[in-house]
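Peer 1: If you read the sequences in order, they're chains X and Y. Each residue of the first sequence is one higher than the one before, counting from 1 in our numbering. Each residue of the second sequence is one higher than the one before, counting from 1 in our numbering.
Rather than coming from a laboratory, the hints here were simulated on the basis of the structure. Hints are all accurate, no fakes.
Some chain Y residues close to chain X (C-beta under 8 Å, calculated; not the full set):
hint, residue
1, 20
2, 21
3, 24
4, 44
5, 49
6, 51
7, 59
8, 63
9, 70
10, 72
11, 73
12, 74
Pairs of lysine-lysine, BS3-like flavour, derived with a Cα cap of 27 Å:
hint, chain 1, residue 1, chain 2, residue 2
13, Y, 66, X, 189
14, X, 116, X, 176
15, X, 171, X, 116
16, Y, 66, Y, 27
17, Y, 66, X, 387
18, X, 116, X, 189
Glycine residues also receive a C-beta, built at the ideal position from the N, C-alpha and C atoms.
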Amino acid sequence: MRRRGMIAGSGAALLALPGTASSSAAAETTRLPAELPEGTRQVDQFANLPDKRRLLRLADRPPNYETPVDAFTNPVTPNDRFFVRYHLAGVPSADDMDGWTLSIGGDAVDHPVRLKMQDLLDLPSNEVLAVCQCAGARRGLGLPHVAGLQWGDGAMGCAVWRGPALRDVLKACGVKTGALEVWLSGADKPTMDGTPPYRKSIPMEKAMDADTIVAIAMNNAPLPPLNGYPARLVVPGWVGAYWMKHLTTIEVRSTPLENYWMRDAYRVPGGLFPVDHPFPSQAADGTVPVTELVVNSLIADPLEGHEVDRSGFVIRGIAWDRGAGINRVEVSLDGGHNWQDALLDRPLGRYAYRLFSTQTNLMRPGPYQLVSRATSNSGEKQVARLKVNPGGYFNNLPRPIPVLVT
Amino acid sequence: MRLGWVAFIAVVGCRGALAADPPMPLKPGVGDSATVAACSACHTTNYILMNSPFLTPEAWTAEVAKMRSAFGAPIDEATAAVIAGYLGANYAVAERP
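Using the sequences and the accompanying hints, generate a full structural model.
Peer 2: Quick look at the structure:
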């Protein structure tokens with residue numbers, strides 16, 4: 001039995017979560033992971049943005065900023081620390097979104113409709129606490145290095161997303177039998193006419209899942225302009241590539257979307273990564289689209305390179321997967337030779353971060369490598385060896401954090 | 001000097017809702033200005049440094065080809081060769097480590 005009931009009806013509890021505003025009391029990330037390639041270390045910089053505080057800038061055009069590790073002691077990533085990821089440089093401002101509407105059509109609907117924000121507000125509202133993670137998260141930390149944005153740990157965040165379920169939105173137009181995929185478009189644009197606009201599709205099964213929602217609120221506030229204002233699709237358990245920002249067009253189609261973003265980008269060899277629900281209409285030539293997240297964990301305290309007290313300190317972090325939930329997190333103080341079980345905090349939802357912690361005992365002073373590894377409720381474990389693939393996707397190798405015990 | 005001016009035009013000319021900082025200067029060399037002009041049309045040239053130095057000259061050639069074929073960059077064959085040559089000479093490894 002899948003644990004579907006955890007999110008349903010828990011809206012009030014989610015809203016009452018602590019820590020949806022930034023805290024400045026804790027230590028801040030000030031250094032880059034040692035594993036990042038040399039060129040990346042030259043260009044990455046901590047930076048502020050309108051509505052965003054102290055993110056790690058990989059690129060400003062198109063804007064790609066990751067969340068520093070210090071933010072992940074909080075199971076909910078505040079909006080002003082939430083990562084930013086755009087493929088194309090034509091990023092709409094909030095003003096550009098004045099008069100926004102959402103068009104729903106395609107060959108597999110009875111009657112196309114155009115919805116206004118008020119129409120979405122009039123529909124029953126769903127809420128889900130879910131991790132949005134870039135498929136290329138930690139690409140920069142894997143060896144061999146592969147081309148692409150050299151992300152560290154922070155191409156991800158977890159927020160309370162609220163809005164109508166996509167399936168309730170689609171009711172307005174009547175989905176026909178024979179519907180195969182839902183095609184998605186947003187308001188962000190390429191700078192060149194010849195560049196394929198960013199469009200993605202999801203299979204009907206995922207589109208009709210109660211947890212797939214058209215989010216019009218994030219952590220009980222409007223979506224920040226750089227996270228998809230005024231509406232984005234939320235596809236819990238799936239990589240962020242499908243969470244279309246500035247959502248403007250939804251097409252229900254009887255045919256697969258065949259464009260660069262589906263057929264060439266975001267693909268991995270078939271069978272390399274586990275999935276609960278395949279995406280058969282997009283499988284081709286031995287490869288499949290990157291879809292469901294892999295189980296992973298991250299130590300967020302202490303931070304890389306920090307000094308800790310030999311008399312004992314607390315290791316804190318997060319673990320997450322694609323929806324089975326986290327069953328176990330183990331922590332190693334010696335680079336992965338010996339492991340002990342960490343204490344798991346209460347689950348906050350099947351798609352959310354699960355907090356873990358461990359209190360250390362007296363330790364000999366010197367350098368240590370702290371590592372965590374998670375196991376999901378479906379038995380999936382973080383890999384022992386990196387599953388190398390051309391796109392550098394899904395690095396869930398246990399992540400060593402060097403610290404100095406003094 | 002010429003390189004800096006091209007970079008300045010590229011950054012200011014593409015300014016949208018978000019202000020962009022000047023990117024890190026690229027190494028002077030044959031093909032530098034063609035590289036800045038072509039790449040800056042769509043993205044910061046910091047991507048070049050970010051993806052160095054672990055791409056081989058062949059991998060840079062493939063990246064430039066991808067920009068033309070997949071992303072529709074309006075670069076002719078000869079200019080593409082100049083850009084790939086510049087990247088291969090200045091931002092590449094000889095072979096994969």
